[in-house]
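Spelled out, the chains give:
Protein chains: 2
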Amino acid sequence: MDSEKDFDQVIEEILEYIENKQYFRARDELLKNNEVDIGEILEEVLEKLDVESTIIVFRMLPKDVAVEVFSYLPSEDQVEIIHGITDKEISYIIKELDFDDKIDVLEELPANLVDKILEKTPKEERKLINTFLNYPENSAGSLMTPDYISLQDNMTVGEALAYIKKEGMDSETVYTCYVKEKGRKLEGIVSLRSLVINDDDVKISELMGTDYVYVNVYDDQEEVSEAFKKYGFLAIPVVDKEHRLVGIITVDDILDVIEEETTEDIERMAGVMDDSDTEYLDMSVLRHVRNRLPWLFILMCSYIITGGIIASFEATLSQVICLVAYMPMLMGTGGNSGSQSATLIIRSLALDDIDFSDIGRVIWKEFRVSVIIGIVLSSLNFIRICWLDPGGAGAGPGPAGWGYGPMIAATVCGSMLLIVIAAKIIGSVLPMVAKKIGIDPALMATPMISSLTDMVSVVTYMLMATALVL
Amino acid sequence: MDSEKDFDQVIEEILEYIENKQYFRARDELLKNNEVDIGEILEEVLEKLDVESTIIVFRMLPKDVAVEVFSYLPSEDQVEIIHGITDKEISYIIKELDFDDKIDVLEELPANLVDKILEKTPKEERKLINTFLNYPENSAGSLMTPDYISLQDNMTVGEALAYIKKEGMDSETVYTCYVKEKGRKLEGIVSLRSLVINDDDVKISELMGTDYVYVNVYDDQEEVSEAFKKYGFLAIPVVDKEHRLVGIITVDDILDVIEEETTEDIERMAGVMDDSDTEYLDMSVLRHVRNRLPWLFILMCSYIITGGIIASFEATLSQVICLVAYMPMLMGTGGNSGSQSATLIIRSLALDDIDFSDIGRVIWKEFRVSVIIGIVLSSLNFIRICWLDPGGAGAGPGPAGWGYGPMIAATVCGSMLLIVIAAKIIGSVLPMVAKKIGIDPALMATPMISSLTDMVSVVTYMLMATALVL
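Top line first, the protein sequences correspond to chains A and B. Position 385 of the first sequence, counting from 1, maps to 385 under the numbering used here, and the rest follow consecutively. Position 426 of the second sequence, counting from 1, maps to 426 under the numbering used here, and the rest follow consecutively.
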């Protein structure tokens, strides 16, 4: 692989050629790269220059390269190109695309354009395309391709290899082959490895594994990617309710799914609700607002409750105003402690390392961890407050009226210990309970946990202050 | 795939057989599952019952199954089993493991045990093992295997297939074959697909691709997984400084790397520093404390500064005590706004969707998003404060002394707008700057951002209150 820097230079160069309308030179330079990289360069052209130049260059690519490059472009860019080329060119691209890429493109196009394209498609394929377009988004059905090698169990290895030689070019993968019964039921799986290391006269029925793992066409893509991670497959068969083989999913498509699912989880954990896979810069301002405002609003409401709690302790506060100076520390440390625990538990739940039945062990572990952390942080604080802020405040020599010294230190440190323990227990229990009752645990991450621990922190601190200081 | 529920039942059943010492029945039930699942069941046995029973059952498995199951166990469990079986059994397992799994196991074992095992290994292999053990953790070298199919460019397809038939059983993959020059330099790559669809007398030199992507043996595993995600490979060649082929990495191992890297990123974003891949429940309490305490402490120190800022506004606060009630809302909303932005930017940086050169566009986008969000949240707040808290506090009818009404509403709402804008700009710029100067952007996530926005929030709020209310 050329280093990143070299590739950036290549992009620079090509952009310059295009800007100067040296399209042939641009094309020649482009063609020195592999199709994935050409796709990436075209993305840059589209972003930094304009649609027109992108389409000029795209049309100058050899037809077969153009189709492959097209399949690697993000769907927004595909749509832009589709709108700039002729119907004939569109038909050619759609015809030549791998079946699963074809479905992906058709899903993004406006309905009237899809109809126009489908009119020109042979009836058999049109039916298949319509079936695939109807699988729910993020289901196994929406990820699979019907282009696989299917064998019969009474074939010999020699016959199977001859068949693969004939059909192998059009199949998504040839490395796993599928053995079907008469009624299209999936009977077994045989790898190309076992075909090439066995003699030509061995029967497929002797080689095929019948104890294979499969997914259902309506399974969620997350389950599918779990299966790939667990078993390390290159491809997995997808069956319908009657156990008929309807397609296969290959590992390269799963890498994209994993990335998508991870992004969704991470964003949810920060209170961003985004169900598209549009890149940050390509998303409109209003869409960004829509993705972020709802949670900010919900959480803002929770802070109003916290504010109410503080207001109800007005008497305590106005008597010892310096208590306010320690609030950010207690609330912040509570929030951070809770979100550490929540994050660890959310991730462990996602990886199936723990489930609800472990809740007792989790609480016990978090309790011990939080007691140690709480004692350490409290002690450090106690020393700091008594030593540096003998008056009890944070900023140098205490002004008049700030004079409760050790009692304040005791209040702050006692609260700190209780808050850390409570935050860690809340942070670990909430995601587990959420999962149990069918809510995505990722929603129970930092923003949610920290707004809850804020309430707990304020109540703990104010009660303790009322008891100890006054 | 059997549904999760059925598999849980299978585990239950087997655990029961083992508890009742019906080891033969347990083994028979175990062997109905595939090796990955047997591994998972043994993990459960080890966790819920004890080491002794686990080892009894493990030893009853057929030798070849035992080796494969062993390779799927987490390394802590492998070490426990190694300590419970005889030296002869250990030697057998190590000898039979795939090369990359063998290295993984040896890395986890105590040095004296490794020496004992290596003594019995043929000299040639011992040298190779030592080379592999010396590659840095998380480098391409530590992930690769030397078991690949290597061909010469003057072979014919027929000769190549005959060679694969002979060697294919011991190779990690046969689906990508590597063509080497005399000096072990990597010359090209040829897929098994192109071998089986071409005629026997075609020369390898005509089929091989010479424009292949490769990684260097010291590249970080993150770069390797980026290459897999980008190009959708099944395997990637690893070369040394002289461009000699030293091994290959297959996609199934990359799925584990992606999971590991994602976990590390997510944990870092919540202020948990964990460089092991031990599961949550298997990690000791002290280790959990060590992973979490440092960041909590660092952040606690930042809150002390925030506390100091508050203390310096003591005059303002003691005059209008109800200002305190709005602090959690302003600080909390600031923190949440900032962490939304930081999370989106950190993820976009990780996926290479944006880089430092986009910083202007990012700031402009965040500015517009934050102005809209800030105005919406401020307006809602203004209405609420004027309507529900005419006295200016959060809790019902305002007690004596809380009576600055509309000016307080203006202070809170004006601060809210400024805080949201500042938080979103800080949240987006900081991760980009961090990456630019070589710090992991994941460290600039929620805890860090929210402790910074806390300071900004308090200063903004207090200054505005001093100006407007007094």
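The hints are simulated quantities; they were obtained by calculation from the structure and are not laboratory data. Remember, it's a predicted structure, so these values are computed and weren't measured experimentally. One or more hints might be untrue.
The list treats identical chains as one, so a pair stands whether inside a single copy or across any two.
Below 27 Å or equal to it, Euclidean Cα-Cα: the simulated DSSO-like pairs (lysine-lysine) are [to be verified]:
hint	residue 1	residue 2
1	203	166
2	365	203
3	203	21
4	165	203
5	32	180
6	180	165
7	182	229
8	63	229
9	241	365
10	48	365
11	127	48
12	21	185
13	185	365
14	88	436
15	365	21
16	63	32
17	229	95
Hints versus structure:
no. : hint       : result
1   : 203 to 166 : both (19 Å within a copy, 19 Å between copies)
2   : 365 to 203 : neither (56 Å within a copy, 63 Å between copies)
3   : 203 to 21  : neither (60 Å within a copy, 41 Å between copies)
4   : 165 to 203 : both (18 Å within a copy, 17 Å between copies)
5   : 32 to 180  : between (42 Å within a copy, 23 Å between copies)
6   : 180 to 165 : both (19 Å within a copy, 26 Å between copies)
7   : 182 to 229 : neither (32 Å within a copy, 38 Å between copies)
8   : 63 to 229  : between (36 Å within a copy, 25 Å between copies)
9   : 241 to 365 : neither (43 Å within a copy, 47 Å between copies)
10  : 48 to 365  : between (52 Å within a copy, 17 Å between copies)
11  : 127 to 48  : neither (40 Å within a copy, 52 Å between copies)
12  : 21 to 185  : neither (56 Å within a copy, 40 Å between copies)
13  : 185 to 365 : neither (49 Å within a copy, 53 Å between copies)
14  : 88 to 436  : neither (53 Å within a copy, 46 Å between copies)
15  : 365 to 21  : neither (66 Å within a copy, 31 Å between copies)
16  : 63 to 32   : within (16 Å within a copy, 51 Å between copies)
17  : 229 to 95  : between (33 Å within a copy, 26 Å between copies)
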